[in-house]
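**Q** Spelled out from the first residue to the last, the chains are:
Number of protein chains: 2
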Amino acid sequence: MHETYDRPLPGALVASARLGIIGGGQLARLTALAALPLGCEVVVLERNPHSPGARLTPESVVGDWADPGVLARFAARVDVLTLENEFVPADLLRPLAAAGVPVFPTPASLALTQDKFIQKSTLAAAGLPVPEFCAVASPEEIAAAAGRFGWPVVLKSRCLGYDGKGNVTLRSADEIAAGWRKLGGGSNPLLVEAYWPFEHELAVIVTRGRTGEEAVYPVVETIQRHHICHEVWAPAELAHGVAEQAASLARRAVAAVGGIGSFGVEIFLGAAGRLAINELAPRVHNSGHYTIEACECSQFENHARAVLGWPLGSPRLVRPAAAMVNLIGERFGPGWAAGLPGALAVPGAHVHLYGKAMSGPGRKLGHVTVLADTATAARQAARSAARSLSFGGSSS
Amino acid sequence: MHETYDRPLPGALVASARLGIIGGGQLARLTALAALPLGCEVVVLERNPHSPGARLTPESVVGDWADPGVLARFAARVDVLTLENEFVPADLLRPLAAAGVPVFPTPASLALTQDKFIQKSTLAAAGLPVPEFCAVASPEEIAAAAGRFGWPVVLKSRCLGYDGKGNVTLRSADEIAAGWRKLGGGSNPLLVEAYWPFEHELAVIVTRGRTGEEAVYPVVETIQRHHICHEVWAPAELAHGVAEQAASLARRAVAAVGGIGSFGVEIFLGAAGRLAINELAPRVHNSGHYTIEACECSQFENHARAVLGWPLGSPRLVRPAAAMVNLIGERFGPGWAAGLPGALAVPGAHVHLYGKAMSGPGRKLGHVTVLADTATAARQAARSAARSLSFGGSSS
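Top to bottom, those sequences are chains U and F. The first sequence: position 3 = 3 (my numbering), numbered continuously. The second sequence: position 333 = 333 (my numbering), numbered continuously.
Since the hints were derived computationally from the structure, they do not count as laboratory data. As the structure is a computational prediction, the values presented were derived from the model and not from experiment. Watch out, some of these pointers could steer you wrong.
In silico contact screen, one side only, chain U against chain F (beta carbon under 10 angstroms); selected entries [unchecked claim]:
| # | residue |
| --- | --- |
| 1 | A17 |
| 2 | E293 |
| 3 | W310 |
| 4 | P334 |
| 5 | P347 |
| 6 | G348 |
| 7 | K356 |
| 8 | T376 |
Stretch-level coverage of chain F by chain U, calculated; a stretch enters the list once three of its residues show a Cβ under 8 angstroms from a Cβ in chain U [claimed, not checked]:
| # | region |
| --- | --- |
| 9 | 50–57 |
| 10 | 83–90 |
| 11 | 310–316 |
| 12 | 356–366 |
We treat Cβ as the ideally placed atom computed from N, Cα and C, and that holds for glycine.
The shape of chain U in the complex, shown without the other chains (with noise of 0.2 angstroms):
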């Protein structure tokens, strides 16, 4: 592990401004690449010097964020900082902020949504819709929740939980050890949630700015497999009404943890339109990769206006429908797809690849997005080139 200073920033003299964004994933680099064009450096900090956001960019720094010297000589060289991740301890940045560093979304923001815990409650607190809850310190607490909430309940990591990574569910009293052994419990805080009867999973992206001007995108539908967001559906179709009830708890979810940037929210739709807040990300999310092409200004781009002061751009939709399919791991091997060829021959297949070094069963390496007229014809043809591309080394 090293810093690597030893290069001119030459983006002081002549870039509009720059963006550092603390981890070097998917998200950083998507976010870079929708920030470059408006004459932004970005600067990466990451661990991994070959990692999908520094591989776009000659002025990358490694090094670990979790080391306090580190994220401050990082920040000396950036006018703004943001992340792609909600596990940079808000009280990392806290010292950064009060020197006068704008790190947004502010360490305010992060506090109040990186442990589950605190984002129900602030949730809860400001009217909103969520899944009952409560914090667990014990199996015998886990099981006195699940007789109020009734079973199954779904024991979580409060932080650092991803793609199901940190969730279980428990259908009965007799997998409650199981549980808390799988998740640390002890040593890792927990909470417990009832089990929401969701029908279908729906997320919102909302772009909220310094001044507290807001970009609402579309409602859309995601599909999971094994907790992974597999596709994205924009918009989603919905009873009359539902759509605009969800675009709303999205905007006050975001505005009660006084969000900058652009924040993902995970939404469950019930029986008879009922909605219930699932997840708030404070940050770019998987949920928005259609809005690169599908929309007239992108997460992205609204994410760098955001956090750099500027105004927002429009999340109106440009077709009337669109997909995105994931590209997801299957197995350990080389990053690179195959069959990309096959994929770029689908008409209107729009191809990202991350570039990251390795695959591995459920990593996200791309994506696919397709607009068209319907759904159906933008899901079959995003589905298409989708199957077309395999990792870890096929040679299909």
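Position chain F against the provided structure of chain U, taking the given hints into account.
**A** Below, chain F without anything else, positioned relative to chain U:
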């Protein structure tokens, strides 16, 4: 001047393909921004270490492409070589192509286009309409040509001209001597063209793939000032049948030189729908910048697809009208843009800043594209956003 080969090239392990671009200006940058999402590793060869293209890839090579050794070592690092300008002599590239390096456009195509006399001879031989022209080796031959063509005539440098540099309009025999001196007659090969009485200037981007498949973009109107493109209107508003004829000329012109990749074809439109080919550029072209947002697949992505041997995307417009306004420097000074928030506040404005270190009179520093339902709305908004921006250290 130095080369930097001190960093590893992980792209070989994870990239869909390694695309080498000779030249690091805005055309390389815009091509890189389109090729990166396809998983390409983009490597730029450029003398200037902080070129617009090199500013968004960690793997740029600083060196002089006129040095055959530099070029050969650069070629060894990439899968396909392409170029962002027509000035790299075909003769420098022939040995690489002969040694098996895929170079597109091919040296043969470059040889047919980079010398304007050879280009016009090739187009004329293919039966395509061009203004009358002839090579001239003395002031007397200019006078003789003007005697045949009639005054005025246009005296041009056969090679290396762009944005009006290398062109002089001669209105009478009195102006021959000054024009001859200005363009270096005697040492610099020149040609003379008849002045062609155009009423509008059109342009067409044609992407031609390795096996001859084509994507023909909409015919656009270009608005030039002082021989520099200021605006592009897509699609051009033309009398019945003219667009089809212009597109056909463009296709035939690119085929006539065996073009592979995106080519820009400039076409004069005269009275009664008469057309003549003004010029062919063997590269992505300023008249096609609007395609980034306005077309399903941009000239840049299709250039990458073509030279890499991948299927082409559709060139069709996604909205009825688009307008592109260039951001042209007016004075010397820093290259960053003042007034960006004002430009971004214009609804629908897509702002592209090239990250050039320096502004200067006539330098292309960025562009703005707006899509709309009507041409008027697109132009007004694009001009409004462009007016907000200034370069060279103004504090507007």
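**Q** Which of the numbered hints above does this structure break?
**A** Failing hints, ascending: 8, 10.
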